[in-house]
Structure formats: C-alpha cells, structure tokens
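A.B. asks: Single-letter residue listing:
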Amino acid sequence: MIRWSIPALVVAACVGYLIYSASGGSAEYYLTVSQLRSHAISGDVRVAGVVETDVQKSQGGLHVTFTEKDGTASIPVDYTGTLPDIFRPGITVVAEGRLGSDGVFHARTLLAKCPSRFSTTPYTQ
Amino acid sequence: MILGYLGAGALLAALVMGGFSAVLSFWAGSQENAVMAQVGRRAFYAAAAMIAVAGGLLEWALLSHDFSLAYVTEHTDLSTPIALVAAGFYGGQEGSLLYWALVLGVLGSVSLVASASLGLRIAAYAAGLMAAILSFFLVVLVLVASPFGLLSIIPPDGLGLNPVLRDGGMLIHPPVVLAGFASFAIPFCFASAALLAGRPDSAWIAHTRRFALIAWSLQTTGLVLGMWWAYHVLGWGGYWGWDPVENVALMPWLATTAYLHSSMVQETRGRLRAWNFGLVILAFLLVVFGTFIVRSGVVPSVHTFAISAIGPWFLGFLLVCIVFSVVLLAARSSGLGGHTQPVAPVSREGAFVLQNLLLIGVVAVVFWGTILPLVSGMLGQQRVVGASYFERAAGPLLVVILALMAAGPLLPWRGAARLPSLRAMMWPGVTALVALAALLVARVSSIPALITLPLVAGVAATCLMQYARLSQGWKNLRRRRRRYGAYLAHLGLAVLVTGIGASHFWQQEKDVTLAPGEQVTVAGYTLTYAGSEQRQLADHTELVALMRFGDATLEPARATYAGLGGQSLTRVAINTTPLADVYVVLAGVTADGSASFSVFVNPLVSWIWAGGAIIIFGVLLGNLGERAAAVEAVRRRVPASVPG
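Top to bottom, those sequences are chains A and B.
My numbering puts the first sequence at residues 1 to 125.
My numbering puts the second sequence at residues 1001 to 1644.
Bound conformation, chain A alone (with noise of 0.2 Å):
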C-alpha cells in the first residue's frame, strides 16, 4: 500500500499546486450590480443585473451601451463586440470586465443567460 501511496501524493501534490496557483490569479469576483456599488474591487469582476430599456447600438450593433441594475442600484455598461443572441431589456446579463474611474464598467464579455431545455415558463391559465 505504501509504494501505491508515493506516486498517489506526488500527484496529489502537484494538482493542489496547479488549482491554487491557477485560481489565484484567475479567480473573479462575482457580484450583483449593488454590490459592486458598496465594494470597491479593483480589477476584473463579474457583474449580473438586469438590462435596462436604455439600449443604446452603434457600429451596426458591434458597440452597445445600456444601464444593469438589480432591485436597489445602476450602472452604465460598455461593451465592443457581438451581442447575446437574446439581449435585449429585460433579461438577466453577466458583465465580465471592470469599473472604470469615470464611472461606466467596461465589459470584455456579456453573457446572457441562456433559456435551457430544462426551463420554460409554466403555462398559466
């Protein structure tokens, strides 16, 4: 059992070293839009809120600004790129990016979050 033992832990040694020094820097936080507010965090974080009706599209709908909020504080997002197949005002949004001093988080990344086959709204008469 001893010799199985041996190469069990190097491996076990080496992979708790690979999760800890790769989650160090990767790790983001992930945070609603009024605890971004509250929280001063720089560097990047995840932000989830609700798109707001103020979609503002530019470049052909390559630029995008709009407002995310959650129940009690707003932030103004930017973000470049190709828009979730089903943004629009109303749905839930996960903005990766950071918060810039003049105030307008700067997402690298939006996500939407997707309908899955598991959910649909239930039909009510």
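It is worth saying that the hints were derived from the structure and are not from the lab.
Hints may contain errors.
[To be verified] Okay, the calculated bits of chain A under chain B, using three or more residues with CB under 8 Å as the criterion:
| no. | region |
| --- | --- |
| 1 | 9-16 |
| 2 | 28-35 |
| 3 | 68-82 |
Just so you know, even glycine gets a beta-carbon here, dropped at the ideal spot from N, CA and C.
Please arrange chain B on chain A, whose structure you already have, making use of the hints.
C.D. replies: Using the frame of chain A, we list chain B on its own:
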C-alpha cells in the same frame, strides 16, 4: 386527458414493481434464495416495461398535440416541426427524468438477463440496487415532477420550444448525453453488488465491460455533439466554455476513461481491485452530482436552470449514494488487497496507474472550478473562475497524459528490467522531434503549442506503428481486436486533440462593419459583402447578409421569431475545409445598408468532429461480437479465491 391518467397509472405501477423488486432482490440475495432472486429480476423487467409504456404514452400525447397535458403545452406547439415535437420527450425536466429511467430500465434489464452466471448473490444484489435507483427516479416522477400533470383548461396551442433549441442538435445531443449518464449506473450496481456479496474478483468487470463501454461511447459522443452544436448554433466562434453544465458532463467522462484503462490492469494482471471499485463509484457519484447541479441552480451558469422542487431530492439521493459507497468500501477494504508484489514503475501497469492518477487530478481541477462559487459563496463573497483557470491547472496534467499515451502502449507488462523498450520509443520520439522542428521553422512561439502538438504527433506515431506491425500477419487483427480498436480510438483522440489545439492556439477574429462591395481579410481568407435581404419563412423572418467567399456564398443571418416576443437568433455561416473553418456571424445591418460582422478563422476544427468519429469507430471495431472470448480470458487468469 385519458393519456394523462394512463401515463400516471403506468408510472405508479412501475414504482410499485421497482420497490418490490428492490426489497425482494436484497432479501433473496441475503437468503441465497434463487427462486425469489429470479422473481426480483422479473419484477425489475416489469417495472422497465411499465416505464416503456409510460414513455410511449408521453410520446403519443406529444405527437397527437394533447394540450391537456401541461408538459405537452409547455414544450411544444402546433408550428414546431414534427421531429422536434417528438424530441419534446426529453426536452423538458420531467420528460428527461422519464427518459433517464427508461434507459436505466431497458439497459439494466439487458444486463440482468445473463447475470445469474455471476453467482446468485451478486446477481440479486445488482438487481436490488438497480431497482432501488430506478425507484428513486420513479418516486420523483410520481410525486414531484410528473410529465403527466393535467391542465384544468385545455389551451388551443402550446408555448413551443425555445428557438435556440429548434435545431437538429436537439434531436441527438440530449438523448445521447442522458443515456451515457444513465447507463453508467449498471457498472456501479454490479461493482457495489460484488462488494456487498464479498466477491471482489474480476467477474463483475467482465460482465459490465460492455455497459461501461456503451456508457463511455455515449458520453464521448454526447460531449463531441454538444461541442458541435454549440459551435454551429451559438455564434461565439468556440465550442467549449468551461461552463458548469459542460464541466459536470466532462467529469464522469474523465472518471469513466480512467476506469476503462484501470479495469484492463485488473483483467490482465489481477491488480487495482480497490481502485477499480473506487473509480466506478466515483464516476457514478459524478453523474448524480452533475444531475443535481444541472437541476438545482446552486452555481452561476450561462444556462438558466429551472429552480424546481427536485433539487433537494437529488441532493438527498447524492448524499445517500455517497454514504452507501463510502461505508461499503470501508467495510470491504480488507478483502481487496491481494498482491504484495510492487508494480514496476516503468511498465504498462505503471503507466496505467499514473494515467489514472492524472485523470483523477483533472477531475479534481474541474470539480474545484465548478464548485468554487458555491464554496466561496458560503464563506463570503462569491467568486468564479474563467477558462484561464482550467487551461492553466488542467493543461499540464493533460500534457503528461498525452506523453503517457505515446509511451504507455510500448511498455511491456510487468516492467522492463533491461529497458528494451527504449528502441520501441524511437519512432514516436523521432516523430515528435520532427513535429517540433516543423513548428519552430513555422515560427510558432507559443510554449503550450510547442509541447502539445509534438506529443500528439508522438501519440499518432505510436498507434500507427502498432498498425504497421500488422503487415506481418493480418490474423492478429482478428485475434486481438480489442487492442487494435483501442489504438484506433487513441489515434482518434490524437486527431481530436490536434483540432482542439490548433483552433485554440491559432484562432483569429475580426469585428468589421462593411458597406456593400467592401472586403475583409482574416488570416489570408478574403470575404466580400454583397448586400443583405429579408426572407420570410414559416414561423420566422430572416435578415440574410450575402458574403462572397471564392466561388461560394456564405449567408450569415439573424432570424426573428415574432411568436416568442420577437426573440432573435444568430444563424452562423461556416465554410469548412480540412485546414480551417471560416465562421461568419452577422451582428446587424444599419439603415444605409452596411452590415457588421464578426469573422473568425478557426484552424482544423473539422478535425475535432473527425477525431470523435474515429474514436467511436475504434470502440466498435474492437468490441462488436467479442463477448464470450473476453469473459473466458478473465476467468482463466483470475481465479475467484478472495475471501469476503
């Protein structure tokens, strides 16, 4: 209406039969009562038959547009194409659970038919465990998530399927993935039954090898199809995003891959008994964990999960499975030793052990990345990791696994005392060096690419070398089919990894806005925008941009579904050649006629799909019609002499 009552009745009957089979089989096993064990098995067949009846009734209700059933109303409508209406069977939560139970019932019955030869106790306990798992699903189906719930007022039309899912991928990806998950319950049940019966020899491995291979093939196909579907439909230019939904499908696959290799060590050398039990149990627990994650919404994902009442049920089921497995393994660990002789570090079995440890390491990396939001959310502020975490943590482990794939098959069993295998390593080594030199000449500077791709070339060389040896006698191919099938699967993986590597390292993207007649060039491929047009189709309209590309015309489009709140959907246009895919996404068209595009050039993506096909072909080649021989070989090598 009547279909709803009949279906609910069939599920209830199945639950009664399943519960009866579970109790009776365990009792018959403990009493060694052959007649009652047989009755228990037949009760399982009856439960499976009732589930098949329920499934038939649900399919009938879907195809006849019986909107008195809430499930039919919520997942189909009159305008949905008939094939997708049929696919509604597994398109929703309740139906997918019924489908899971159906696969387990049918394949489980097949696995039980010839199980009596394993000995009464193993066969009875396996039937009991399978019936218990089936009964859990039936309890959920009857009490919490019935697909046969009725609506008080029958609507004239249904809500329909989300347009993102109105695609051919919907017809094949979900059922294959779910069947891959459900079928792995069979090796789990036989492994646990062997432990319960105190018979930890290789008989259960031989009996369930086929089902483990079926489960693995289905999981592999499911993953590749999922990648293919995401790539063709979602329009972000990639195929894998390290989303929790993808991760929980990948982890059981990794564990099953490890098991397929380590079980060979037990079959041929009688080693790694405890490890094999642990792996089968781990793989099944990961399946249940994945089902729980996907249906509970405890981690943030791009997918929105229905936060439904079945989350706690699956958490409870997961906990019961974990406790049962840990207690069982602990109670039986004393009987699992056996060999005292150490494994030679440089040997075939040594390579298998290392490969297994590394695969489980990758599982740990993926697992941690998946549950980090959950753990960090409990301890304070929720945190998430992105793709870079998975690449940096799992990448080095995968590179070592590739090296083992190149070297392992050339190492002899039992170890190489005089290292004659170094000569055998020459060709893969030379191939890898040639590949490295070619990459350096092509001025590739990415270190991961310089490590990965030469190793892949080495893997391919190792496999091809084995086939080259065949020229000395073709009858070897018939006699050792399992082996040659496995080399073909390895070769397929090498092709697949080449595709993943090339598209990962050398993808190019450009976002452009073009007036009609203007050109864009990405990675040497030139596209000309010719103008746009509006098209009216049956259930939606499409805004199509015409892009000239050589002699071909690409037609990226945006579809708008008026019936679903004006939801719009990208139609990606892809021009595929063996060297690269030109992948065009239409972002929008402005009033003056100019259009915006994201243009991707993805090298060697078609190799991924080809590699997947080669893997499955290899598994088929190696295993069709080989059953009797495999069982005999095992019986001869490993006598059943371990005390319980």
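A.B. asks: Taking the hints in turn, state whether each one holds.
C.D. replies: Consistency of the hints with the structure:
A stretch counts as covered by a chain when three or more of its residues have a beta carbon under 8 Å from one of that chain; for the region 9-16 of chain A and chain B the count is 4, and the coverage holds. Given as covered by chain B, the region 28-35 of chain A passes the check, having 5 residues with a CB less than 8 Å from a CB of that chain where 3 are the minimum. With 3 residues carrying a beta carbon less than 8 Å from a beta carbon of chain B, the region 68-82 of chain A meets the three-residue requirement, and the given coverage holds.
Taken one by one, the earlier hints all hold for this structure without exception.
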